[in-house]
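Mind docking chain A on chain Z? Use the hints.
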Amino acid sequence: MRKFICIQCPLGCEIIVEGERIEGNKCPRGKEYVMQEMKNPKRVLTTTVFIENAIHPMLPVRSNGEVPKELLKECMKILAGVKVKAPVKKGDVIYKNILNTGIDIIASRSMERK
Amino acid sequence: MKTDVAIIGGGPAGLAAAIEAKKHAKVTLIERNEELGGILQQCIHHGFGNFIFGEALTGPEYAEHFIEQMEGIDVMLNTTVLEIDKNKRMLLSSPDGVFEMEAKAIILAMGCRERTRTQIFIPGTRPAGIYTAGTAQRLINIEGVMLGKHVVILGSGDVGLIMARRFTLEGAKVEGVYEIMPKPGGLTRNIVQCLYDFDIPLHLSHTIVEIVGKRRVEGVFVAKVDENFKPIEETKRFVPCDTLILAVGLIPENELTKKIGIELDDITAGPVVDEGMETSIEGIFACGNVVHVHDLVDDVSFSAIIAGREAAKYANGRKIKRRKIKVKAGENVRYVVPQIINGRDMEEITFYFRVKKEMENVVTRLLVDGEVRKEKRELIVKPPEMVRLKVKGDLVMNANSISIEVKKVA
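Heads up: the protein sequence lines correspond to chains Z and A, in order. Heads up: the first sequence is residues -5 to 108, going by our numbering. Heads up: the second sequence is residues 99 to 508, going by our numbering.
Any given hint could be a false lead.
Stated by the list, open to error - Cβ-Cβ distance ranges computed for the label pairs, FRET-style: (1) Ile49/Z with Ala226/A: 46 to 54 Å; (2) Ala226/A with Lys25/Z: 47 to 55 Å; (3) Lys90/Z with Ile218/A: 42 to 50 Å; (4) Arg(-4)/Z with Lys490/A: 44 to 52 Å.
To be verified - With a straight-line cut-off of 30 Å between C-alpha atoms, the simulated BS3-like cross-links for lysine-lysine are: (5) Lys(-3)/Z with Lys480/A; (6) Lys20/Z with Lys488/A; (7) Lys(-3)/Z with Lys281/A; (8) Lys36/Z with Lys480/A; (9) Lys(-3)/Z with Lys334/A; (10) Lys(-3)/Z with Lys455/A; (11) Lys124/A with Lys77/Z; (12) Lys334/A with Lys36/Z; (13) Lys20/Z with Lys480/A; (14) Lys455/A with Lys20/Z; (15) Lys480/A with Lys79/Z; (16) Lys63/Z with Lys281/A; (17) Lys121/A with Lys84/Z; (18) Lys271/A with Lys77/Z; (19) Lys322/A with Lys(-3)/Z; (20) Lys108/Z with Lys90/Z; (21) Lys271/A with Lys71/Z; (22) Lys271/A with Lys90/Z; (23) Lys84/Z with Lys124/A; (24) Lys281/A with Lys25/Z; (25) Lys20/Z with Lys505/A; (26) Lys271/A with Lys(-3)/Z; (27) Lys454/A with Lys33/Z; (28) Lys(-3)/Z with Lys488/A; (29) Lys20/Z with Lys454/A; (30) Lys124/A with Lys(-3)/Z.
Worth flagging that the hints you see were computed from the coordinates, not collected in a lab. By construction, the Cβ of each residue, glycine as well, lies at the ideal position given by its N, Cα and C atoms.
So that you can see chain Z by itself, here it is in the shape it has in the complex:
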């Protein structure tokens, strides 16, 4: 048995999955949500990388799409070793095709050279 809380709307239905049975969802979106979560849960990753010569020592970055949830920790390890130099523009690709997911890590903000 697995328990989910649907986050498709503010109701937050508690959905229980037992084998083929899905119970507790008040609408079809809940079922869809649970199916996706069971099959291949994905998340947007947001974190920071080191930046040199900028106003702050860290540059916020994000994935430009969703990456499989089980790869989040692995992505974090890779990004811990990334260092960029200012200037950076919002949307610049910081790390291409992370872990062959087809997803890039991009800058969440611009930072000028100090």
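Same frame as chain Z, now just chain A:
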């Protein structure tokens, strides 16, 4: 120094207000920090702007969209407003010294600040390793400092939940989140995506009764609480940790507001405002978290656009009616903003309110002179999630009594 509209605070509220006000008047934006964006710059997670941009942006992305539109606005960084008087003369401090500025209209956009250990009275020692959630967020996300390896979080407000995920991604172990209330304080999506996703336990009806540690936090005693929020002695247990994060609520930052003598609302802890976001002192407006703490930045920006527009009109000499009709908080409504309707000529007005208790299948209603003039169905209303009711301006323009209520659908 003279300006038409002076805006205090360069966070999401101040930025949106400045962009709107500059369409009609000369605008000066005053920010105490070294850059614009306010709290958004440290909120590196995504989920901002769903309403305004139709997509989930990160905090810095949301901020940059507004910062890009600063052309034509006089932006003063590293500058703090020390005093304001009723005639809208301000005393400011910057690295160049102390100076005066006179404005025709002022917009208060100082945001809010965090409650600290002092405000919640946790007994115990005073070791290193105790941070408010927002301070931890700034240190980790902007300064790049990792704060600890074993973390306990007190309070389940949104910033605390976001930090639980952040600590986990950065390699720390979050031992648990302890919430004194029987329900979580943050949005459901944050409970799911920040705690459940990483198997972080959430202990409802629990609190911290003692902090232990000489130089550094060594752990906390936690206990279950009864229905009167009193810790139950037999349930007391020790949780080892080296870091304690306090996510115990936000309060509007109104030191300046109080000093000017602006009327405050006891429940929101922010100024009482009318439908144009004007405070009890003519020509002084307020918007965003300084008025009441919002859940979503989009609503902060919406309130700021109104304040920016109305402040610019005031600076240009427009006079308005001042009918001062109070908006009453009716059944299951804790507070409503705006608190006052003056009868401004506005196309639409959005009432923002919070409920006292969770209810399913309800209708939110606007009553004008005792009659229901607007109704909206809601599947569910919860205290942590702000409710909105948008109405046509002329519905309330000439009203003599106004109230908002939440009723169960029969």
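When the hints from earlier in the document are held up against this structure, which numbers fail?
-> 1, 11, 12, 15, 27, 28, 30
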